[in-house]
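Protein chains in written order, with the numbering used here: chain A, 10 to 290; chain B, 10 to 290.
If you are wondering where the hints come from, they were derived from the structure by calculation, not from laboratory data.
Be a bit skeptical, because a hint or two may be false.
The list treats identical chains as one, so a pair stands whether inside a single copy or across any two.
[Unchecked claim] Below, computed lysine-lysine pairings styled on DSS-like, alpha-carbon distance capped at 25 Å:
hint : residue 1 : residue 2
1    : Lys92     : Lys273
2    : Lys92     : Lys56
3    : Lys104    : Lys56
4    : Lys273    : Lys215
5    : Lys92     : Lys104
6    : Lys56     : Lys287
7    : Lys56     : Lys215
Chain residues, written in single-letter form:
Number of protein chains: 2
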Amino acid sequence: MVTLPAPDTPEVSALRAAYFVSDSTGVTAETLGNALLANFPGIRFLKRTIPFVATDTEARSVAASIENDATAGRAPLLFITVKRAGLRSILSASKATVIDLLAGHLTELERALGTTASEQLGQFHGLGDTERYFARMRAVEYAIEHDDGQSARALDQADVVIIAPSRCGKTPTTMYLALQHGLRVANYPLTDDDFPSEGLPRAVAKYRERCFGLTTTPLRLSQVRHERRPSSRYSSLEQCTLELRRAEDLYRRNRVPFLNSSTKSVEEMSAVIMQTMKLRA
Amino acid sequence: MVTLPAPDTPEVSALRAAYFVSDSTGVTAETLGNALLANFPGIRFLKRTIPFVATDTEARSVAASIENDATAGRAPLLFITVKRAGLRSILSASKATVIDLLAGHLTELERALGTTASEQLGQFHGLGDTERYFARMRAVEYAIEHDDGQSARALDQADVVIIAPSRCGKTPTTMYLALQHGLRVANYPLTDDDFPSEGLPRAVAKYRERCFGLTTTPLRLSQVRHERRPSSRYSSLEQCTLELRRAEDLYRRNRVPFLNSSTKSVEEMSAVIMQTMKLRA
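Take the sequences, apply the hints, and build the full model.
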């Protein structure tokens, strides 16, 4: 996750293999495994995700690959989310340090809940609760239909309307909120036309309480716009400074909460937006 | 996250509170916490995610909320990804069963790696590796630009081209691959016009080796299309059956791998696509 010198430079001490192995999609193993490894920025990891490991043969093939890494001196780490005990023991017998992300916690939970875990494979990243799943898929459609102010239809159904000048991060944030959280998110670009007025643009004014603004730094905005239209007025530092100042004024005047996207990831922005707009249980 | 009956209905035996508490976005706590709880389908959970818990005061306020749930008989579970030991001990002193998703594994990793975890907050869901982050954001843009066959520009840069008849799940799968994995994914709708020919549609024929097909069941397709255009030829079971049969023939004739989206989530489809197209390390 960290930018590192080339592998053969002498200051790099250790290259470690890290396997994320799952009997399902591998999303959980990858997410938690990466979160854990992020705490060791001084070490380089050669990462490999292997999803859908369901048979003894597949588990043995993973173990063989681990063996190769061990022989090559990359002392493998193995993060697993595998439910069947038989598969876990094949994997655990490999020459890796095994970090079992489920088994220990499942035992804690069985004790706390006074019941045993279901024998079925954990299906959290499967269709699972189909109603919730299809709500997420419909939210993606809604987001695409309402991207960049494209459609004013059914704007009253939006959970949030993200407003910002062009290239401040509206679209990825919108998609993340839709795809991960099933929220209906519209986004609307603020342009020069919107600024003579004191109020919000006509298309979104009715939904002021659902509006959330984004801003960024003029330099960052200018860089991003430059990628799209080099050396244009649109990407000039002067124009970017002006648009951002006007947008922030607009947010303040209309009491629209906003945040700066230049130092925040879509995951962080989404978490802040959900918290601010009270979109979580 | 789950649709629940009203809390006072008598058939609900146990309602347990489940907290996902994080010093960062809460993505890791939510992902793993939910994966664990999915193993106990017989129990209803009242879930609450609390991100950005950074101060003693905030931790105490979470503890107070947990106390309320405990008093109300909802015997809380508390999943935490919190790095500061001071905050962890405030939370752990609450009346919850604490499932610490990081601390134990970090100790295992410190031992295996022979070094201590960085004192900084884990930033996996922050900007982190900015190069990888911006690649993901550009992939989202690319996906939107190339959604539904909209643009043939830069199709040669696609990592995958998803092809399928309308409403088989191309768009959400495309967005997931872009947003989570930073892959450049174009998608192209197969229409009646594409079927007289033996080969792939002209726009994508050059990229046959990067094509991946989707199919579904006629009944499911008809239901989904019905939501968009009720009682039309487009949504008729006859038309859906015909289009899917022709699409599957097209995939087979052109040796395009494909899968059925009716029983798979976007996470599962994405994992299969990455594995089939060798888009993982």
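If any of the earlier hints don't hold here, list their numbers in rising order.
-> When the structure is compared with the hints, numbers 4 and 7 turn out to be violated.
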